[in-house]
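Peer 1: With these hints in hand, go ahead and build the complete structure from the sequences.
Those sequence lines, one after another, are chains A and B. Residue 213 in numbering that gives the first Met the number 0 sits at position 214 of the first sequence; the count goes up by one each step and never skips. Residue 49 in numbering that gives the first Met the number 0 sits at position 50 of the second sequence; the count goes up by one each step and never skips.
A hint or two may mislead.
Claimed, not checked - Some chain B residues close to chain A (C-beta under 8 Å, calculated; not the full set):
| # | residue |
| --- | --- |
| 1 | S46 |
| 2 | V128 |
| 3 | D130 |
| 4 | S219 |
Stated by the list, open to error - In silico DSBU-like pairs for lysine-lysine, Cα to Cα no more than 35 Å straight-line:
| # | chain 1 | residue 1 | chain 2 | residue 2 |
| --- | --- | --- | --- | --- |
| 5 | A | K125 | A | K218 |
| 6 | A | K58 | A | K45 |
| 7 | B | K283 | A | K218 |
| 8 | B | K283 | A | K125 |
Hints listed in this document are in silico derivations from the structure and should not be mistaken for laboratory results. Think of the CB as a built atom: it goes at the ideal place given N, C-alpha and C, for glycine as much as any other residue.
Below, each chain spelled out in residue letters.
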Amino acid sequence: MLRMLVRRLFLGFATVWIVSVIIFAGVEALPGDACTAFLERDAQGKLLENCRNDLGLNKPAVTRYLDWASGAVRGDFGVSPDGQKSIASLVGDRVKNSFLLAAGALAVGVPLAIFLGVITGLWRDKWVDILFSTGAIFAMTIPEFVSATVLILIFAIWLDWVPAIVLTPADAPALDFFPEFILASVVLTMVMIAHIMRMVRSSVIEVMASDYVQMAMLKGVPYWRIVFRHALPNALLPAINVVALTVAWLLGGVVVVEVVFNYPGLGRTMIDAISDRDLPVVQALAMIVAATYVGVNLIADMLTILLNPRLRTLSQRRK
Amino acid sequence: MTDTALQSKGPRRLGRFSVVLRDVISRPSGAIGLTLVLGHIILALISPWLVTYDFKSMDSSLILEAPSAEHWLGSDHLGRDILSRVLQGGRIALLVTGIATPIALLWGGMTGILLGLVGGRVDEVVMRVVDAFLSIPGVLPLLVLVTIFGTGNEVMVPTLAFFYGIPVIRVIRAATHDVVARDFVLAARARGHSRLSIVWRELLPNVRDAMLVEGAMRWSWMLLAFSSLSFLGFGVAPPTPDWGVMIADARAYMPLAPWGVLAPVIALSSLIIGINLTADALAKAMGIDRARKAVV
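Peer 2: Structure follows, in structure tokens:
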């Protein structure tokens with residue numbers, strides 16, 4: 000088992016390393032650099048030369064990659080060319096805000112999703128299942144900006160229950176966001192519940208149809224005892240991975256929702272940085288989000304290995 | 000998954016197609032989904048003969064006008080006919096994603112099959128790169144490429160096709176892995192068939208179902224990404240009407256003129272839900288469990 004954990008850990012680090020190369024090479028391959036973007040039309044002659052010297056852009060690409068990567072490991076992403084502010088401090092607040100939004104959505108979403116998944120799985124093809132499964136397809140597939148727009152129209156404009164957008168500045172304490180971030184986290188929670196619920200549902204159905212559950216039923220074990228004691232521990236194991244994917248998605252991929260609600264998190268910072276062609280910030284954000292994604296999935300895989308006795312011996316079970 | 004490779008060629012394969020189609024239509028989700036998708040495609044094809052107004056023409060006397068007999072869905076903040084714009088938006092969305100999806104499926108599927116067949120070190124290394132790409136947040140590379148190279152369809156199609164082919168690699172590789180170990184592939188190897196012939200005659204027929212379902216799913220994700228990009232202001236250039244752009248524009252006037260938002264919202268949602276319901280029914284008809292697929 001230890002060998003599997005070490006191997007998985009090593010693969011995680013390898014992935015993060017490849018991501019860093021892709022991100023660096025991708026930005027490198029783009030026309031222009033931080034200086035041409037910052038100086039815009041003045042980018043020529045002495046001015047450009049000085050700027051490139053200041054930021055060390057004249058060094059060979061490999062040296063710059065090593066500088067950047069070793070800085071990134073220590074949490075130092077350099078300074079943004081405009082404003083000369085350190086990127087780490089710029090991004091820090093945004094990370095906290097994204098975390099807040101994710102925590103809000105997860106705290107409500109995960110228990111509810113697992114509950115609904117178990118219910119729909121046990122009562123497969125009954126009206127509860129049909130209702131929630133259809134609802135899940137809607138929640139999952141309708142683009143976030145569409146559901147966000149409709150929710151704003153209904154709850155903020157017509158009913159006037161909650162504020163439509165977030166006006167709190169990025170560096171405000173967490174509590175200040177309270178009434179404003181409700182709609183944003185509702186939109187995220189809906190999508191999240193749909194994904195986790197579907198996964199749990201199909202897993203419950205599979206386990207309930209398995210031989211050992213059938214055996215327990217034939218032996219006359221009470222139904223709820225079968226469900227809680229025998230079926231659920233196995234059925235909920237795969238949910239760990241989906242929850243991990245959702246966490247990773249919440250921490251990095253919610254660009255659209257953050258833009259719609261004007262929420263000062265990582266996603267909106269990303270859009271701003273791209274519009275301004277602030278490439279060092281784009282690099283830093285992409286790296287943070289990708290590392291989070293890999294890290295969360297790594298933790299989920301390790302948990303699964305630890306909790307599932309079958310994976311401890313079969314080292315080739317993972318595809 | 001059924002062993003289609005074991006069946007004889009010709010009329011029976013066609014038979015399977017109609018069996019699957021009949022199964023899809025017999026399910027409520029399949030019937031509704033297929034109707035929505037076909038309805039959208041037909042509307043997109045015949046819309047040049049349907050619209051009576053130019054989607055670009057502005058009329059200051061019609062600004063934010065409510066739906067009426069002349070303008071069935073009302074008009075937007077520049078006095079343009081919303082019905083014409085919604086129809087035109089559908090044409091563009093279907094054109095871009097309709098070209099990009101098959102390309103993504105083709106290159107991702109072929110790479111996936113080859114990796115599953117070859118295995119070993121090549122497979123291991125390529126999959127690490129695939130994982131790395133999948134861990135970079137979805138819209139980010141799209142956004143960067145679009146900002147650098149502009150927003151035309153000639154940029155959108157290859158960009159979407161490239162990035163949406165990557166998750167396909169993963170799924171098809173896993174499906175191929177399950178098939179490669181089977182006896183009939185071993186038999187083909189023993190008969191001395193070339194790799195190409197194994198791919199074409201043994202593997203492809205067996206992962207075709209997975210590819211079809213995956214393709215339908217990718218199509219809906221791509222549509223979502225395409226409209227999200229336009230919504231964020233990085234998609235098609237104005238005055239071209241895309242549903243995402245229309246929703247973004249009309250949002251500002253939502254309290255005054257909610258119909259401007261509702262028309263593209265309903266159009267986009269019905270198409271995406273249609274595709275997903277169809278994909279769901281297709282997966283059930285073919286015996287593939289779609290809910291098991293992760294959120295990518």
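Peer 1: Take the hints in turn and mark each one as holding or not.
Peer 2: Here is what the structure says about each hint:
1. S46: violated, 21 Å
2. V128: holds, 6 Å
3. D130: holds, 5 Å
4. S219: Holds: closest Cβ of chain A sits about 6 Å from S219/B, inside 8 Å.
5. K125/A - K218/A: Distance ~26 Å between K125/A and K218/A Cα, so the pair holds.
6. K58/A - K45/A: holds, 17 Å
7. K283/B - K218/A: holds, 32 Å
8. K283/B - K125/A: Holds, at about 17 Å.
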